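Visitor: Below, each chain spelled out in residue letters.
Protein chains: 2
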Amino acid sequence: MTSPFGFKLENTDPSGARLGTLTTARGQVTTPIFMPVGTAAAMKAMTPAQLKEVGAGIVLSNAYHLENQPGSELIEKLGGLHRFMAWEGPMLTDSGGYQVFSLDKKTVKEDGVVFQYSKEGKAVQLTPESSMAIQNRLGADIIMAFDECVEYPTTYEYAKASLERTLRWAKRCKEAHKNPAQALFGISQGGLWEDLRRRSFAGLMDLDFPGYAIGGLSVGEGLDNMKRTLDFTTPLMPTEKPRYLMGIGLPEDILEAVERGIDMMDCVIPTKFARSGVLFTSVGKLRISNGEYKKDKFPADTSCDCYTCKNFSRAYLHHLFASNEILASTLASIHNVRFYMNLSFGMQKAIAKGEFAQFKAEFLRLYLRREDKAPASRPKSGRKGRPQKWEKRPQS
Amino acid sequence: MTSPFGFKLENTDPSGARLGTLTTARGQVTTPIFMPVGTAAAMKAMTPAQLKEVGAGIVLSNAYHLENQPGSELIEKLGGLHRFMAWEGPMLTDSGGYQVFSLDKKTVKEDGVVFQYSKEGKAVQLTPESSMAIQNRLGADIIMAFDECVEYPTTYEYAKASLERTLRWAKRCKEAHKNPAQALFGISQGGLWEDLRRRSFAGLMDLDFPGYAIGGLSVGEGLDNMKRTLDFTTPLMPTEKPRYLMGIGLPEDILEAVERGIDMMDCVIPTKFARSGVLFTSVGKLRISNGEYKKDKFPADTSCDCYTCKNFSRAYLHHLFASNEILASTLASIHNVRFYMNLSFGMQKAIAKGEFAQFKAEFLRLYLRREDKAPASRPKSGRKGRPQKWEKRPQS
Chain A
1 MTSPFGFKLE
11 NTDPSGARLG
21 TLTTARGQVT
31 TPIFMPVGTA
41 AAMKAMTPAQ
51 LKEVGAGIVL
61 SNAYHLENQP
71 GSELIEKLGG
81 LHRFMAWEGP
91 MLTDSGGYQV
101 FSLDKKTVKE
111 DGVVFQYSKE
121 GKAVQLTPES
131 SMAIQNRLGA
141 DIIMAFDECV
151 EYPTTYEYAK
161 ASLERTLRWA
171 KRCKEAHKNP
181 AQALFGISQG
191 GLWEDLRRRS
201 FAGLMDLDFP
211 GYAIGGLSVG
221 EGLDNMKRTL
231 DFTTPLMPTE
241 KPRYLMGIGL
251 PEDILEAVER
261 GIDMMDCVIP
271 TKFARSGVLF
281 TSVGKLRISN
291 GEYKKDKFPA
301 DTSCDCYTCK
311 NFSRAYLHHL
321 FASNEILAST
331 LASIHNVRFY
341 MNLSFGMQKA
351 IAKGEFAQFK
361 AEFLRLYLRR
371 EDKAPASRPK
381 SGRKGRPQKW
391 EKRPQS
Chain B
1 MTSPFGFKLE
11 NTDPSGARLG
21 TLTTARGQVT
31 TPIFMPVGTA
41 AAMKAMTPAQ
51 LKEVGAGIVL
61 SNAYHLENQP
71 GSELIEKLGG
81 LHRFMAWEGP
91 MLTDSGGYQV
101 FSLDKKTVKE
111 DGVVFQYSKE
121 GKAVQLTPES
131 SMAIQNRLGA
141 DIIMAFDECV
151 EYPTTYEYAK
161 ASLERTLRWA
171 KRCKEAHKNP
181 AQALFGISQG
191 GLWEDLRRRS
201 FAGLMDLDFP
211 GYAIGGLSVG
221 EGLDNMKRTL
231 DFTTPLMPTE
241 KPRYLMGIGL
251 PEDILEAVER
261 GIDMMDCVIP
271 TKFARSGVLF
281 TSVGKLRISN
291 GEYKKDKFPA
301 DTSCDCYTCK
311 NFSRAYLHHL
321 FASNEILAST
331 LASIHNVRFY
341 MNLSFGMQKA
351 IAKGEFAQFK
361 AEFLRLYLRR
371 EDKAPASRPK
381 SGRKGRPQKW
391 EKRPQS
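Chains as they are written, first to last, in UniProt numbering: chain A, 1 to 396; chain B, 1 to 396.
Simulated from the structure, these hints should not be mistaken for lab results.
Treat the numbers as computed from the prediction; the structure is a model and nothing was measured.
All the pointers check out, no bait thrown in.
25 Å max Cα-Cα, derived BS3-like pairs, lysine-lysine:
| hint | chain 1 | residue 1 | chain 2 | residue 2 |
| --- | --- | --- | --- | --- |
| 1 | A | K310 | B | K77 |
| 2 | B | K52 | A | K297 |
| 3 | B | K310 | A | K77 |
| 4 | A | K52 | B | K297 |
| 5 | B | K77 | A | K294 |
| 6 | A | K119 | B | K294 |
| 7 | B | K294 | A | K122 |
| 8 | A | K295 | B | K77 |
| 9 | B | K122 | A | K294 |
| 10 | B | K295 | A | K122 |
| 11 | A | K294 | B | K119 |
| 12 | B | K310 | A | K52 |
| 13 | A | K106 | A | K119 |
| 14 | A | K77 | B | K297 |
| 15 | A | K295 | B | K122 |
| 16 | B | K294 | A | K77 |
| 17 | A | K310 | B | K52 |
| 18 | A | K77 | B | K295 |
| 19 | B | K77 | A | K297 |
Using the sequences and the hints given, assemble the complete structure.
Guide: Below, the structure written as structure tokens:
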């Protein structure tokens, strides 16, 4: 069986932003594309029909979480992940490598990682081989190599040793991967160091993956560090393969990443922020629980075409959050994911016309105009310790 | 302005079940009909689009809850309840009378009732006049008189005094009702006593309401008491006006009520049970969190045509509940409300053909076949004390 997977670079904007077409066994997706995250084979507070309606093209799920519950063998027996969650479009599963970063209870060894899901939970070992077996059983169209996503900040020595281990794991993943209908992407590590990223991509490209991801960003390093790292990292990546920046991000992060030649991104931010009442709009984020929206007859974003904005006022959304209605999460998630998809579509159109820089400038001019008091936002750059949960790569 | 409201009795089945057409300012509804409850101007875990898709014809909301949050004056200013919650179809608001029954902190006086919404909340007085003013501002197509729904069990003397007060309140409601586009229904009280129900309906019919409701049932009296009370109560009601049994109920309750000539019913049971993982099916209730469904590839109800059953397995629903996904509540609610609507449509067709008795017997033969261990079910008949919350008339 030959792989149905392919990537065609359609246009490169003067800025460096790329327009492409990703082909998978379950259809094509235009890039750059934001990929919503449904960790546990479910988009939080949204049905697949609603996800389709907001224009989602490819969605994520997580091998580690699904192996814990309900188990990949059961999902395979029930016809695979697509059928299980009723998503007919392209899907991508993460390998469990991010849990190396996000879970407290873990032990990293050469063979793999031993995790403890919860205090009460039993310990589980994940290796390159078991991650591949799980992802083969799940059957997503794109699967990810099992990597170690190191914490930020870390030492150069640890980052170096870790990326070498991740390379050895990548080789084992490639050997263990059994389903040619699924495209296996390699993941680069190496923190914020240019020589480590260079070494990482050299090693990955020797293995010749159909797509490459940048891991180890969006772990609390801040926007400036991310931009600086992308500046020297994307030039290391092959132009003819898709480039996936994992766990990004806020709209401003996405624009910076795409300008630096990134094609694919994913993040829990739109749905996670939605559930806490933070709505993305063309003129900035708004916290719908703020008193100023109690009597506001306008939709969340007057320029938005989503079901929520076409039917409901800010006053109604404010009321739903005040009443703890489940519908609050659903309507806010529909809006936020639509906002991210519209951002993707807007970028695509701009790149096709070679006008990405203007698009970015105009988007940010409006978007950075305002921000409600105390909206969820990124921790200050240089902040120590663990990043806010919502800043991480998808995990819940 | 003349009232757009009307009711046409289309057919009466040999059993006593009635087929009718209810006409409101916002369209027609065939009866008998189950009315889903969206207490706080929101169906729990369902969008209005999903509610429409499952075939809901008329939905309920609650004047008392909406006056607390966000306030009827705000809703009026924003264009009324229909526009606020984006439900274009017919709506009915309850008066707040049920809160006389369901809230602990209240004082009933001749003028009205003083409530305390929560321990911290401020006390609020509701009178026939204020309930009418609130419901006039909300703008539902059918509004309810402000009544006292007494607890079960109660004494004959209290029930008698209470029903007389409820009659005086009904007169005051009629005088205070200011919007002829809204049909005001009278509510009968009188507990399980035939002479009290007779007195109640005599008094209400003197006031000539366009529709009549039976209150004070579904308060823990049990199915046999409900049936006995309906046996002598519905014959007291005019045949040419719609008959609304408030707060009913389980599918078996609905069949018994319709057989006794009831046209309209409402209850939180389908959505409330859904959120706790209890799914109604043609062969009985199932508790989806039970281990037996973990690997079950079949839909919740193999004979159901809802979005949930057309797309998802019991195993997937089991997984969503195990993972505490919000989507669990949404998919289960879609199914349960569709089940109740299909029950309504099935009854309507049977009555049109004069075959209600056969329909009821066949439905119950299948439906009573099984019941999962520990599904939510009615308290044993004769049980003392407060009924289970989910057995009451809509309140949350």
